[in-house]
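Enquirer: Letter by letter, the chains look like this.
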Amino acid sequence: MLDAIILEKAGVPAIPIVTDAFDSTAREMAELWGIPDFRFVMMPHPLGSLTPDEIGRRADGLVEKVLALLRQGQPA
Amino acid sequence: MLDILDPTIATPRERIDYAARPKQFDGLRIGLVDNTRRNAEAVLRALAARLQAAYGMKLDAVVHKHQRAPLADAQLAEMRGRVDFIIAGVGD
Chain A
30 MLDAIILEKA GVPAIPIVTD AFDSTAREMA ELWGIPDFRF VMMPHPLGSL
80 TPDEIGRRAD GLVEKVLALL RQGQPA
Chain B
10 MLDILDPTIA TPRERIDYAA RPKQFDGLRI GLVDNTRRNA EAVLRALAAR
60 LQAAYGMKLD AVVHKHQRAP LADAQLAEMR GRVDFIIAGV GD
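Listed in order, the protein sequences are those of chains A and B.
According to this note's numbering, the first sequence holds residues 30 to 105 in order.
According to this note's numbering, the second sequence holds residues 10 to 101 in order.
Hints were generated in silico from the structure; no laboratory data involved.
For glycine and all other residues, C-beta sits at the position ideal for the given N, C-alpha and C.
Keep in mind that the hints are not guaranteed to be accurate.
[As the list claims (entries may be wrong)] Partner residues are not named here, just some residues of chain B that face chain A (Cβ under 7 Å, in silico): (1) T20; (2) R47; (3) N48; (4) P79; (5) A83; (6) G98.
[What the hints assert, rightly or not] Coverage of chain B stretches by chain A, computed from C-beta distances (three or more under 8 Å per stretch; other residues unrestricted): (7) 22-33; (8) 55-68.
[Claimed, not checked] A few chain B positions that, by computed beta-carbon distances, are all more than 12 Å from chain A: (9) M10; (10) L11; (11) D12; (12) V92.
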């Protein structure tokens, strides 16, 4: 999350992906940096135990979310 | 005299001039920031592969960083001007 904030501040569009277990942590990070409305893409938790097939399916589920946030951007 | 430290003081809201968004997706250059959590890079690369297949995007840069460390200045410099957007993650 912080990386995406740093990148956006540096002028690079950045799409952060966070697992749902870290939803509140991500929102607190955004709040701490003074941008409480900073958007991110969320995916199911956990990640560490996934098989290659499951990783592929997770990636399938992320494509449209990433593109939507890339298109939409962050709130002004 | 007693000093009281209040950790709940709110951070002032910051206004950021966000980077312009691409008008189209075709041929964009992707950068990945991998936070080195287990399977994070695999998910990011699988996602990039799908974007490449669907929109002819190109994976142009991948940086790896410790999950609890922010992006280093050198890594940021590596990405700027080389990619059109970055996908960063993944928390686990």
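Enquirer: Output the indices of the hints that this structure fails to meet, ascending.
Expert: 5, 12
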